[in-house]
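*Asks:* We have chain X; now place chains Y and R onto it with these hints.
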Amino acid sequence: MLFLCTSVLQAQTKKGDVLIKNGTVITITDGTLENTDVLVRNGKIDRIGKNLKTPNGVEEVDATGKFVMPGIIDAHSHIAGTSINEGTSQVTAEVSMEDVVDPLDVGIYRALAGGVTSIHLMHGSANVIGGQNETLKLRWGSTNPEDLRFEGAPRTIKFALGENPTRGGRSRGIQPQSRMGVEAMLRNTFNDAIKYRDAWNAYRSNKSSRKVAPEYSLRMETMVDILEGEVLVHCHSYRADEIYMLMKVFSDFGIEKLTFQHANEAYKVAPELAEFGASASVFSDWWAYKLEVYYSTAYNAAILTENGVTTSINSDSGELIRHLFHEAAKTQKYGDLSDNEALALITLNPAKQLGIDNRVGSLEKGKDADIAIFDNHPLSIYAVPQMTFVDGVKYFDIENDVADQRIYIDPESTVEDVQILYSNDHDRCMEGANVVNFTDLFNNK
Amino acid sequence: MKILRKTLFRLLFILPLIGFTSNIKAQSDPTGESPATRTYAITNATIVQAPGKLMEEGTIVITDGLITAVGKNVNIPVTAEVIDGTDMFVYPGFIDGMSNTGAERPANPERPDNLFTPDPPNYYAGITPENQVVDQIKVDENSIEAMRKVGFTISHTVPYGRMLPGSGALILLRDADHPDKLILTEGSSLYSQFSGAPGAYPGNTLGIMAKFRNLYKNAELSKNHSELYASNPEGVARPTRDRVSEAFYPVIEKRQSIFYNASNSLEARRAMRLQKELGFNLVLGNLQEGWDLADEIKSTNTKVFMSLELPKEPKSSKEEDKSDEVKRLEERRMEFYKKYISQYAELQNAGIKFGFSSIDARSSQLKDNLLTIIENGLSEDQALAALTTNSAELLGISKIAGTLDEGKIGNLIVSKGPYFEKKSQIKYVFVDGEKHEYDVKDGSKVKEGDETPVADLDAILGAWNYEFTTPQGTQTGKFIFTNESDILSGTMTSSDGTPDTDLQNISFLNGELSFDFSIDAGGQSVDIVVVGVVDGNNYEAEASVAAFNFTFPIQATKDEA
Amino acid sequence: MKKFISILSVLVLLPLFAVAQNDGGIVRADNSKFALTNAKIYTVTNGVIENGTIIINNGIIEAVGADINIPGDAQVIDYSGQEIYPGMIDSGTRLGLSEIGSISEANDFREFGEITPNMQALTAVNPNSVAIPVTRVSGVTSTLTMPAGGPLPGTAATISLFGYTPDQMFAGSKGVVMNFPSTAQRGWRRRTPEQIEKAREKAQETINDAFDKAELYAKIKESDDARYYPEMEALAKVVNGEVLLYIEVNSAKDILSALEWIEERGYENVVLTGVAEGWRVAEEIAEAGLPVITGPVLSTPTRGSDAYDTAYKNPGLMQKAGIKVALRTMDTENSRNLPYNAGFAATYGMGREEALKAITINAAEIMGVGDQLGSIEVGKKANIFVSTGDPFQTSTKILDVFIDGYKIPMTSRHTELYDEFLNRTPGLNKNEVKVDG
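Residue numbers (the numbering used here), protein chains in the order written: chain X, 1 to 445; chain Y, 1 to 561; chain R, 1 to 437.
What the hints contain is simulated information worked out from the structure, not anything from laboratory work. Please note that the accuracy of each hint is not assured.
Pairs of lysine to aspartate or glutamate residues, derived as EDC-like cross-links and limited to a Cα-Cα distance of at most 20 Å, are as follows [said to hold, decoys possible]:
hint, chain 1, residue 1, chain 2, residue 2
1, R, Lys-313, X, Glu-399
2, Y, Lys-315, X, Asp-417
3, Y, Lys-339, X, Asp-404
4, Y, Lys-276, X, Glu-151
Label pairs and their in silico Cβ distance ranges [what the hints assert, rightly or not]:
hint, chain 1, residue 1, chain 2, residue 2, range
5, Y, Gly-52, X, Glu-215, 52 to 58 Å
6, R, Gly-289, Y, Lys-318, 28 to 34 Å
7, X, Arg-170, Y, Thr-482, 33 to 39 Å
8, X, Lys-15, R, Asn-38, 53 to 59 Å
C-beta atoms are modelled at their ideal positions from N, C-alpha and C, and glycine is treated no differently.
Excised from the complex, chain X in its bound form (with noise of 0.2 Å):
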């Protein structure tokens, strides 16, 4: 059913060797190693232990003091992206993230200086299923997207549930206008698709040479991919009814790869993700700036965990990206997780979730050389993160930071122009509480 994922060139992009000497390495999936060397080769990790030999021409970088973890992923972005939603329409399984990756944007920078090595670039939560996401490195200075693709990573595509899509069907006067509608909608559209596959199986099945193609749907086709487990579905939820009733639409249609975005009250569900095997990728603390998440607790994560469901923290926030490994640290407070059940939260967990854990998420050989060092525990507030490496090569440097990163300037911009944004204003998906839809204001219905 694959019609053309595949095709694009695949850029070779940078990999980089270096030896990462005598720091505390938290691998997470091997403990936590005192004056611990971590060399790369071509941009995999080659070796860990101690008093590593340092090959020719390797760079060596002293960490004597310093933590080295794994490089952090952030499991729901959307910095990078030119745009955010397809809106227009409740099913755009279709469009894909993939084709508006934004080399350019500086908030990549700012997510490398937070020690972020890869994002799970999502579609927006406007429709009930939505746009196909991207997993990127942050492979900063190249202005050809194509260079920012996890390469091999899985494909994954956002759905969303509650309030979001069905204030678009409100404003719209069309379905789905409450949660029933949601579910039917999702159970409409994978009927649909199991009668297109069949369609097409009939039409590849026909030995004639005078046989007719049936229409050709890229939606249909993606929809497909998801009942055949080729895409990862990542679901935009908050109320555990909602979270309940996609677990039970999955199992029906067979589909078992599963990760609720947002899920503000998972924890009340628990024990029927971890049943399901379905996974959680939750905020550290918000809640309140909407009515679906008014009986939220930052006690999420914890129960979660503690429940056995595979559970990450996220940013969905160009500002809270860049401090990821102090959102994770909040579990401490909110739940009393070890450090290394804090800090899976933000590396392995997410790496799971995006199908990316035999790559990355954690220091082991043979993975990817995807690492932060700190000079602090990274969950300690004081911890600053020092450099950030992707495959082994250096984005991030706080001994070489550059104040404008700006890798185009429009020759017409001001040279002060001053942007004041508060936190609550970032790159949210669609959670701008206080920003009115606008098209909704001239809008007669």
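*Replies:* For chains Y and R alone, kept in the frame of chain X given last:
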């Protein structure tokens, strides 16, 4: 004088019997405007036959629309009107690689009742590849004269529209009484842009990219089906007529290229991405940020028409005590301005043979921009090639245009002084062998551009089609300004059926038009202030909504009543 | 998977059981006489006392020190190994004014009109807002609660986060909020420099007109013939220096204009708020002798060309230039993140001690209540919290909070939901119902 000529020019088309260009033998012409002959000889001129090929004291003869002789010892036909070319430089007429010249922007399509469907009607979604630009061409479009007087004689004109507006045509920028007479070649391109449908699918780049793939794939299937049926219909379902798919057939067969309007580097890369996936022949038009793209352009065999629009040169602050930070930022901004103006030379040096496209540029600025490009590394010959031979080659018309050789179309420019000298002025432009004469100012003072002076109220009275884009989509409608006993009043209409709104505090001074209006947002009255500049039929403005702390741009074009 | 589907049928009555699970009854605040003993006390104004004691009586700190006699009637709480700090003060929030962000009916921080300085934030504070317990159990005991909107949106109030009426919460300081005309971009679309300048001029004119009138009104208001003009009544208090004037201003250029405006007008009791680009003009602010409330520290830079950490460094740079700095979150439901804003400021140049002042004594002094709040001193209001350690450190737990001498129940919606759902009853299966699967 200018206005008078324009009036006469218009008058010609009001009188249906004139048609002076094609049929001068048998008709009287009481206006006295028709030429007495269709043979011209320009003598004793410096003739630039092609970039780098220069002949001094030469003569060129044009007969019945074609160049019939170029050389030093040329017989001048007795029927010729002889033009003394002393101090004159003759160039091949310029060719515009992508523009809307001659096309009239159609009214925005009416909002359908079933807007919010996954597949809104094609006319509204902007999926009209079966359309032909010739249906939008108007012989009296101002742009024809505006482009001709700066030396353009052929334009690859593409239609107005949204995602897939239709196919383009090569047109001669000549006078005619019917659009058909302008057409050199039809179906020259399938034109494509990253323009979403207001409030409907595809609303932005995300939807456009996906929809394009979907359309292309179905066109391939449809083509196979039609061919199967054509070979033997027996037992094969009859294909239904599908003009959208059919419009792609020549593209699939590589008989036609897709011209993508891709002004910035990311758009250009997206178009090349589609090309790599689907395999069609791609031409990038209107490219404004190409300095990082040379490798990819070459590896995808993409043809390019670079934009003739340039950013304004940044002005550094004159303050003496400006901070080091400001100095550094000004330097970086200047560095990027340099990238815009020197990319032409860089692409040329990288071996990319490009033409020019005027689609986003103002005709009055074209020459200044060309001179800036030349000052920044592109040689005059290379610039001339981009205007003539390269464009002709890229558009497949080298046999009939692009140089001053015998047998080619009589498209040429006669300039007083070398064209690429700042002070030079165009005296004649010949299109299809017809002479168009322009005033040449004596003395050293040359009027720069032709910006309109302080406008009077008439400049804004009437209806303006506005459009603005919000994160959620595009909105359209009309601003209507009326003047009753010197009281300026205005109304805003909306194409989605929202009731009309009165405009308040309308002010129009020195080309700046501002007004405000209130809208009802869920019981709350929200004030929106619009401030902008009127330039001819275009209004570029910014609207600000204090209550929500944001602003957005509004564009409007005046209805030609 | 089948098993999963079948459990649905047994979950229907779950909410009823959730209520029954709440076994604690009503927990009330306790205003006994307290003796807090054996704690490490960070007084902020008088150093650190190892193994110290604090006596709280009738809402006031009656004694503090290493060697304190413990009154016989005091309830003694042994805080061995714990630390005690003055309650944190968030110098800019909408706490109490906004319950649910997206629902306009649940938001009361914005009133209609341009010149509405008479609008009182204190009036609209909902003492029972769910966000208030969530905030105070994290050690934030007071906030400056501000209205928002046009050039002069209303009067802000300093409140303490315990009480059943606004007056019980009022902490003694009010100030008129003014949004200084801004030349910064604010929305998602660019304005041209000309448009910005035009809007700025218009806003400046509006403000100047209002204050011109207020100055006149202040002179004539005692006369019998003076008209009733509540807006000017409120502004006259600013003119006379009776209430604070909080001037929200952020870009460097605007800050300089504001300094000029303040000097021309000659108003006293002025506080600059926001001040996102204060570091660029810190010397000028220091010279004018104006205090600053800045934040959120956890912000992106104000310019695309700025270094990634400018917002983190801004408070420290201003403090080092000699400005008295207080911090704010500018948040509502997450005002509890105030210590982390201070922690980032501390880490990026301000230092721990100064950052602590910025959320305690500096804030109190700037609001004119330095004699009542902001430090652990005899005679001050007993607004304090007890923690397991450094309150900036993310993993630190807040053990107890006292506001106006009341020992506050350490529960909030967030803790209650945690208690109910950590080990939910029933879990996956209700009443041991087994289904084949």
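*Asks:* All the hints need checking, so say for each whether the structure fits it.
*Replies:* Status of the hints after comparison with the structure:
no.	hint	in the structure
1	R:Lys-313 to X:Glu-399	holds, 16 Å
2	Y:Lys-315 to X:Asp-417	holds, 15 Å
3	Y:Lys-339 to X:Asp-404	holds, 18 Å
4	Y:Lys-276 to X:Glu-151	holds, 17 Å
5	Y:Gly-52 to X:Glu-215: 52 to 58 Å	holds, 54 Å
6	R:Gly-289 to Y:Lys-318: 28 to 34 Å	holds, 32 Å
7	X:Arg-170 to Y:Thr-482: 33 to 39 Å	holds, 37 Å
8	X:Lys-15 to R:Asn-38: 53 to 59 Å	holds, 58 Å
Violated hints are absent here; each numbered hint is respected by the structure.
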